[in-house]
Structures are given as structure tokens and as C-alpha cells.
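Chemist: Start from chain A and add chain B according to the hints.
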Amino acid sequence: MYRTIRNILYVSAIIIIGACSNNDELISTHGSIELKFDNIVGSQSSGIIEQPLSQNYPFQTAMGQAYNLTLVKYIISEIVLEGPNGVYYVDSMNVSTDFLSGYYLINESEPDSRNIILQNIPAGTYNKVTFTMGVNEEGVTQGTGIFLDGMFWTWNSGYIALKVEGQSPHSNGDSFGDTIEESNPFGFGYHIGGWGSINNNQTYTLEFDAVEINHTKYPAVHILMDVGSVFDGQNPVDFSIINSVHSPRTGRLITKNLDDLFSIDHAHQ
Amino acid sequence: MTYLVLTMRINKTQLMTVLASCFLWSCNDSQSPEAVDIKQEFAFVKPEHFPEPTYTFSNNEVTKDGFNLGKALFFDPILSKDGLVACSSCHDQSVAFADPQHRLSLGVDDRVGIRNAPQMTNLAFMNNFFWDGGVIHVDFIPLNAIENPLEMDEKTAKAIEKLRNTDSYPALFEKAFGTDSISTPRMLHALSQFMVMLISADSPYDRYRLNKGELTSLQLKGLEVFEEKCATCHSGELFTDQSFRNNGLDSQFDDLGRGIITEVESDFGKFRVPSLRNVMLTKPYMHDGRFSSIEEVLDHYNEGVVYSETLDASLNSEKLGIPLTEDQKVEIIAFLEALTDANFISNPTFFK
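Protein chains in written order, with the working numbering: chain A, 123 to 391; chain B, 864 to 1215.
Honestly, the hints are just simulated from the structure, not real lab data. Among the hints, erroneous ones may be present.
[Claimed, not checked] Partial list, computed: chain B residues near chain A (C-beta under 8 Å):
1) T919
2) G997
3) D1002
4) F1003
5) E1010
6) L1013
7) P1048
8) L1051
9) H1052
10) I1124
11) T1125
12) E1126
13) S1129
Note that the Cβ used here is the ideal one computed from N, Cα and C, for glycine as well.
Extracted from the complex, chain B is given alone in its bound form:
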């Protein structure tokens, strides 16, 4: 309080100068103005119609250098045991970071995984990840892929060791974090900075939603049908309610899905409701990629749903599934086309 009284006698500029010089003199952690500017130039920005992000930016703010390091790691097979499999091996930008090649993901030594690699968009807004939701924070996503024996089959500590022994990475870590000392948290935070920036919010649907563009009349009809038939689960601007549901694929389960995580029978055979953004690009469909086209998916809901104990209530009426006419299928597909974000898949920011 004392110094507030004193400041009344000197003008603002003088005070600021004094304060600045005192702080500079007593502490060494103040940032240069340039550093602040760079951060402002390249930052996470929430699309106006999206929900609040779930990611913890408070302990990992996105910077250009952090993002670039994350991008380098994403495309680098060094993280895998045999040095041949990168994150990008199964996550391809041209199809919204899904896997265009394989029904089930392919890991080191051509090991075949148990599930289809999902797309990677709008991760900053999700509260669980992977088909079973076992991972609950973006930072932990890479650990699951790196250590899974069917994916990269590498120990995280070993991956860190390998990065330390490269010529390039110490300098990239120095730029991103101000130290060339490579650690697991820094590696994961850099990868997160890349992943949370993968925002897809510029599809024809978004432009329509924000009154910046039009949808065709067929797409508008499709939107109407979609809201009635699909939006119970594929809800909101993320086109998923992020819940786990059994959509009637099997009467018995080879893969317990969510049940593996919660270990309760009522979750057996349930999988995460996937986002439908860019869905026309992300075939094949379902957790095991069993459907190779969107038509097959709609046929499944119309006539293929089978009963099991945990079948979702919304599909479990007198006639199982969701009744769809041929016209409605065409309309829904027209609407789903409007969820393809051409600018996202061609955005050079994400190029290798």
C-alpha cells in the first residue's frame, strides 16, 4: 500500500520506467517483446461455433517452434522400434489424418493391429481418445502408439534416448523449450502442440453454420434427416457426443472395446462414437474397418443391426436399427459431403 501512495506523486511513464528497471534488475525471467509477438502470431484459436477446448493449454501453450518440433516428431519413424513406422504412417493428412490404406493399422514388422486408425481432428476439444477411450489426455496419445507392441513397439525411454543421439533434435528442442535437454514431457508436449492445432472447422457445413456460405437443397434435406436419425449420438459441432455405444455390429464380441478399460460387462462391445467431420474421407468405417463405404454403414443401421446385451437403446426398438429410405440415405450422404474440409486436408501448415 505504501508504494501506491508514493506513486501518486510521479507520472505514469516515470513509474513504468522505474517498475520495469526494478523488475529487470531483480529478476531475470522477463520475456523480450519479440518472444511475445511470435507467440501471438501462431496460437491456438477456438473456432467461434466450437465448444471450449478441453486441452490444458495452461501448462503447454502452443508456439510455432513447439508446433514445428511436434510436427517433425509426428513424421519421424525414429519413435518406433524398427525405425520404420511414424505416426504419419497410419495418419495421413489427405484423409483428415485417418489411414487410407489399411483396414487395421499396421505396425512394426508389418504387425496387424486390432483396430482401424481413426482420424485426428479437433483433438483439443475431446475428452477421451482411441476407440475404447482408454486415453484421456492429448499428451498421453503418443505413449499408447509408441509402446503398443502392435504399433511402434518402443519404450518411451528408448525413444527419448534415440532423439538425444540425433544431430537435429537437440536444436529443435532448444528452439521449442529453451533447452536442448530432451525429456519425455517435452517430447509429449511438442507432439500435443502439433495435434491440438489439427482443427477442422472450415467445411461447407461450417460456412453455412456461420452464415458465410450455402448448402445445396439436397444437403439441407440431408441435414434435416441427419438431425432426426443420426444426431442422437453424432451430436454438436464435433459430431460426436463422445460416449461409448454398442451399435449392433456383432452378437458376440472379439474385441470388448470400452469393456477392456472399465472391466464391466455393461460396457462390453461398446466403442467411442466417432466424429463425423470429414467422414467421407475416412473409410473404412467402424472400429475394425469392416465397412468399406458409407453406403454399407447406412445399410448396417437400416437393416444390419444385431442384438446383444449391451446394444444401444437408441437402436433397440421393435425393429432393430434406424429405418432409412433410399432417398434418406442419399440425402444423408449429401450432407456428410458437406462435412469435408478441403482447406484442412490441403493446409500446408501441416505438411511434412
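So that you can see chain A by itself, here it is in the shape it has in the complex:
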């Protein structure tokens, strides 16, 4: 009898320890990192958003057309961190009724949304980050769960990877978006999406000066997103010709400008 009780206690202890020791272990062998997305236009790194109907045009495209921005929003997913010594971390992506992980909505107008904090990363040295702008098939086919906060085409199921809206005196109006009405005489709206036969989701790999992740070090990587590059590049945007993009195929034209949309500003411990 004594032996049975002793055994039961043993089993209980092991199970309870097993159930609770994970956290302690994670604290000593894992750490966190912050990815900070700084949305800029050329050299201007803050205050890039104007009110709808504003006729203040602080920016200029390579074609020489003035414009302003009223909305910059995009989805980041498929984050992978790597280091020179072989450490490799894949941010897990899950979609269910009440739980979502691995998909992040960056909205320039909501400062908190610009910082992605990744936790429980295996300790080590990291110098490379890979991520996708948009949601690929894996996320779409899981059904609802990912923020539908306007970043979704209801008529052509799929997430909008990037929304850029604003105004230019060169635009002929009749465009639309979250901040742009069709009646806005100078509005433009570019909604870039498409994950199927036309896939406009782009994957970016960026290298940065190596940082240490462990339970005492909490590094941050500052990533620049230059909204200006949406209009300049392989297919320079002329606001008088194309001011409204709301389908995968038309978005393809813009996507060709996005190869260098993101870059590293710096990383620090």
C-alpha cells in the first residue's frame, strides 16, 4: 500500500512538473525580438498621413507628380528569423475562431500596430529576417479568423496585401477606398492583393547587423517601408492614367514596383 501511494505521488509529481516546467525552460533558453516597421516616403519618416480632401501635397513621384497619403496599411505574415550559426525560427501561423497568430496588420495611422513583437524565440545570434506582405493560400483556405478589417475582397475571396490611398492634383478622381470617396476629385486608391493564379504577395529577405536574442537581451530591428517606391520603379505611376487599382491583375502593375519596398534601417540590442 505504501508503495502504491509512493508511486502515485511520484507520478503526480512528475506530471505536475512536466506540465509546469515549460515556462521556466523557455525563460532561460528563449527570448524576444521586436520588428519595428517605419513607414516613410523618401526622407520623411513621420507624419506622412494627411486628412482626406487635404490639398497639401508634400511628396513627389519620380515623374514629378505631387501627392499626399491618407492611408497606408499592409499585412505581414510568414516571418522567419535566421542567424549565421544555423539558428532558425519560423513564426507559427494559426487561424481559428478565437485565436490568430502569425498574421500582422500594420496600419500607419495606428502607431502600436507598427511594432511586431515575436516571443519565445530560441536564444542565439540572428542577422536575417524573411517575411511576406500579404496572405498566401495557407491562410486564405483556413476560412475566417484573420483580421477582416477591410483588408479583404469579399467578391473575390482573398486578403488585400497592401492599401495605399491619397490624393494628387493629377488624379481625375472617381477612385475609391477606405479614405477616398468617388466624389473626391483628386483621390487615388491602390489595393494590392491576389494569392491564386495571379499572386501579388511578395516575400522579402533582409539582412541586418547580428543581434543576440536571449532571456536578458531584447533586440529590435528597424525596417523601413518606403511608400514612395509604390509609385516609382519599373512601372512609374501616372496618377492621371491609373488612380484606382482593385483587382489582382491591375495590381500586378504596381507589384512590379515593390521589389525593394522594404529595407533595414538598423538593428540594436
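Modeler: Quick look at chain B alone, frame taken from chain A:
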């Protein structure tokens, strides 16, 4: 491994008790036995002759309370902008959730849509939805209807806001999801639970197929003709191959159909091949409801098919269309009658 060795010294019952008490003590997420029983009592069951479902039950298991919430939402015009149009306005159980009233669907402010509201059966087995297949998951079906300006013309966020401000819905969400906090994913998952349970698999054809009943000799003849003339596209137990085809309705297209989604010319004028289950109930026919009877549909295939660039190859032989004798038409119609599932359209589970 250590604890496996130790368990050898105590009997199974003791171990189970210990394990149970440890888990109960260390975690709070275990389910009560009653909760499990309720789930088993009311669940999605695949008809034995059907293909595997496509729906993602892994993140949205059907429960009775979830289904009931979905049903309440389905019948509630609160989701529309003017509070007058519900899903059920265009999807009526008595005709397999098609629209018996209107050639084109009718939305808020009596706005006339561009297409005929299709039936809603066996959605759990489909891989695309709507006439153009723009929607690829059951969860996303309601969003298209809610936000379409010609249908319910409401912002999803606004619909959620309205549900939060009701007396009844927080409690229904609490029962379904264990929280009275109303969110878009929970609303969509509840509606999906209702929609995926709309299984029609008990027609005379099904009973014949499963050796549980007979078809008349005329119906059997019709089945034979059907297999030869129709089953290229209306194939399998769902009576659709779920592809997009141009069946020769027009030489020029007012509605690009699938082409709107894929934006390629080779898809212009193509529409989803509809399921023919309950087809005798779901008139009018075609994406724009242009044919008011099944006879007109068969006449179209026999003599009405017109040429266009994207006309389906199966209709594009020397003589366009599908040649059918008058006898064959009668036989096909007799067979199509056998696809009407009387138990489905009168199943009180789906009543308001």
C-alpha cells in the same frame, strides 16, 4: 519514459484517477463529459456515398448551439443595411434554399442584382461558391452577400456592432462560443455551421444509389440518358464538376462571369456548373434566371446554343449543343425529378 516504468506498478484505474486529478489540478481547460455528449448528438455527418468534405471543420466544429446561432443569423434581416433583407429573403428552404420569387436577386431598397440566387445545398463539399466562383470558402460566403451594394449593402463591422446592441445575440454567442463577445470570425463561423449542415442526400436517386429504394423505369432510362448527355459537367454525387464553362447562352457577354474573377479573356462568359440536386425546385435557371422551366433549359441545349470564343468544347461540335430527342427530354426530366429531396426541404431542423 520514467513515468511509464513507474506506472507498471499500479493498476490502470489508479493510474487514470491520478492522471485525471493531475490534469484537472494543473490545467483548467478540460471539458465536462456533458459537453462532449452534446457535440456527439449534433454533428456533421458525411453521407456515405459523398466525397470528403472540403470545409475546415478542424477550426470550426459544428455544435448545436453554434448551428442555432447561425440559423438565427440566417433568418435575421439585421445583417442588412435597411434591416429588411435577410439571407433567407433570397434563400428559401422550400425550394432547396434557392429563390422561388425572383429571376434576379432583390436586395435593400429593392435593388435588383445581376444574378439569380443559387440553391444552398451540400456546401460543405464544394470548393468554390457563387456563379463566378469568386468565393472559395464557406466562411466567406456571407461577407459577399452582406457587403454587396445590390444585396445587403452593409459593412461587416457595422453588422457586428448592431448584433452587439441587441438583447438576444450576446447570450446566443455565449452559448455557442462560451463568450458573449461578438466578433466577425464568430459570426461567420456560426453561419458556416448552419450552412454546412444543409446536406441534401436523401432523394429517390440517393436511396436507389444506396440500394434502399427503386427508381421507376422511366427514371432509370433518364439516368442512362443523363449519364451520356449531361454528366460530363454535372458529374459525381454532387451533380457538378465545379468547373466554369460557357454553355452557349450568348454570343456577347453582359456579365463576364468567371472572367471578372480571373481577369483573363479565356474565362469570359463562363459560369460555375451548378449542382442539379433538387433542380426541379430551383427555377428559374441559368446565372441570370433567363429560363423559367427545365423544358426551356433542355431546348437550349438541343437547339439554342450560340457560338462565342469561349464556348465549351463539349457543346462545340459540328452542330452546336447537345442533340436530344423529345423522348430523351422526357426521360431526363423524369430522372431529375428523382433528385428532389423531399425530406431536406421539409426538415424542421432548418425551420426558422
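Chemist: List in ascending order the numbers of the hints, as given earlier, that are violated by the structure.
Modeler: Hints 6 and 13 are the ones this structure does not satisfy, whereas the remaining hints hold.
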